[in-house]
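Participant: Could you build the full structure based on these sequences and the hints that come with them?
There are 2 protein chains.
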Amino acid sequence: MNEMDHILFVVGTGPGNRGGLTADAARAIAASDVIVGYSVYNDLIRPHFPDKEYLTTPMRGEEKRCILALEAAAGGKRVSLISSGDAGVYGLAGLVLTLAQKFPQVAVKIVPGVTASSSGAALLGAPLVHDYASVSLSDALTPWEKIEKRLTLAAEADFVIVLYNPASRRRRDHLARAAEILLKVLPETRPCGLAHRIGRDGEAAEICTLADLPAKAADMFTTVFIGNSQTRVLGGRLVTPRGYAAEQQP
Amino acid sequence: MNEMDHILFVVGTGPGNRGGLTADAARAIAASDVIVGYSVYNDLIRPHFPDKEYLTTPMRGEEKRCILALEAAAGGKRVSLISSGDAGVYGLAGLVLTLAQKFPQVAVKIVPGVTASSSGAALLGAPLVHDYASVSLSDALTPWEKIEKRLTLAAEADFVIVLYNPASRRRRDHLARAAEILLKVLPETRPCGLAHRIGRDGEAAEICTLADLPAKAADMFTTVFIGNSQTRVLGGRLVTPRGYAAEQQP
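Listed in order, the protein sequences are those of chains D and B. Mapping of the first sequence onto my numbering: residues 1 to 250, in sequence order. Mapping of the second sequence onto my numbering: residues 1 to 250, in sequence order.
None of these hints come from the bench; they were simulated from the model. Please note that a few of the clues may not be correct.
One side of the interface only, derived from the structure: several residues of chain D facing chain B at Cβ under 8 angstroms [as the list claims (entries may be wrong)]:
| hint | residue |
| --- | --- |
| 1 | A93 |
| 2 | Q105 |
| 3 | A107 |
| 4 | G125 |
| 5 | V129 |
| 6 | F159 |
| 7 | G236 |
| 8 | R237 |
Here chain D is said to cover these stretches of chain B; the calculated rule only asks that three of the stretch's residues, wherever they fall, bring their Cβ under 8 angstroms from a Cβ of chain D [what the hints assert, rightly or not]:
| hint | stretch |
| --- | --- |
| 9 | 18-31 |
| 10 | 96-106 |
| 11 | 136-143 |
| 12 | 209-219 |
| 13 | 223-230 |
| 14 | 236-244 |
All residues carry an ideal CB built from backbone N, CA and C; glycine is no exception.
Facilitator: Rendered as structure tokens:
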């Protein structure tokens, strides 16, 4: 990265610990004067980059947060807008690029990170070795019927399924409702996993069956995995094989 | 990471350049005596970690490669088995954990990386901001009918779709066949993107419509993105909004 003004890095910081940052992400943050992020993300990064100006907006202020970052960059500061995981997966990368149409003088560079499907899978074993679908259970911006349809079709397609945002204070029962929908297509014995607080204090991996999933505790820092027809529990880990070779070789 | 014998790190090295490595991945490789990987992956890492013993097996020798790594670890060496991207997404993490059942003295630790869906999305813009399905077009271990069914259901579910392994020397027409299947469900105008050689010499982003996709050149270093019903091209980038809010607010 050379000397540039009017640049906005949109940085995925990975699970949250320093070890999960890519070298490019660390370099973008180090090169920035201002870090803009949700307060939880800022607090994860601040200890490693203490000499920055940190700006934030409340949780539902995503559009304002993007404009804050674009305005700071337009004003000549070097800025990193940060998301945990990958800013391009359920993060702010799309909203920034949309709003950036009004800031033609700002160059936006997306710096990818390790998303929770990858870091959660590593914690649980290797559930994502074959085709998978990623579904957010947040109905803040998506009608629940659409979420329900996606879950049903993903199960019918025998995708491994990753659930983001399985619950929040406002949506305590979404994981249970999703599990009930999946149980209409999938067997009760289907292996599942929950990755809690990946890369942070309280990190925990939990393996269960689909029948047990509705009763599991989850929050906005949990990522949930539902295996495909081939997924097995091996040595306490959730493992999906690379294909269907066993079926093809009788 | 403390002093440990009999440890095997399974490391996702990200797109391939040094900047895409996480700090944990770099630390695992630096702590290893032996690096085991497909020759293309070894060649990407070797310049940054020249003082290691590098072992490889030919392209279809994945099982042998895993056993090579497990045996070296069982013999007391510190070993990293590397994949580009994330070893847990279409990589060897699952096969290693399966084969590791015969090596109970070896502790296997999966170190996640930035997978091509994240790094390719960042190169193209922000196509993965909402729910998506990841499908490999390789039929080496999966019947083609299964791949076809997944593509159809993913399109019906309005997932953004990411295609891994869109073509190889043996499977030149798989991308065209996949596009034809998607065209039965999706409109010809649907925005698509191709990310070529992400993070390497020859890196290129290409945006087109679904109608144009069958004629596009792709190889084993290409990742392909098919937008959902909301995906747009904005300022030359592929952008999917965070939800369906516009539909809900007439």
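Participant: All hints, please: hold or fail.
Facilitator: Each hint, compared with the structure:
1. A93: 4 angstroms, holds
2. Q105: 13 angstroms, violated
3. A107: Result: violated, 11 angstroms to nearest chain B Cβ.
4. G125: 6 angstroms, holds
5. V129: Hint on V129 (chain D): holds, closest Cβ of chain B at ~4 angstroms, below 8 angstroms.
6. F159: With a minimum Cβ separation of about 6 angstroms from chain B (threshold 8 angstroms), the hint on F159 (chain D) holds.
7. G236: With a minimum Cβ separation of about 10 angstroms from chain B (threshold 8 angstroms), the hint on G236 (chain D) is violated.
8. R237: Holds, about 6 angstroms.
9. 18-31: It holds, with 9 qualifying residues against the three required.
10. 96-106: Holds, because 5 residues of the stretch 96-106 of chain B bring their Cβ atoms closer than 8 angstroms to Cβ atoms of chain D.
11. 136-143: holds (count 5)
12. 209-219: violated (count 0)
13. 223-230: Not satisfied, violated; 0 residues make the cut.
14. 236-244: holds (count 7)
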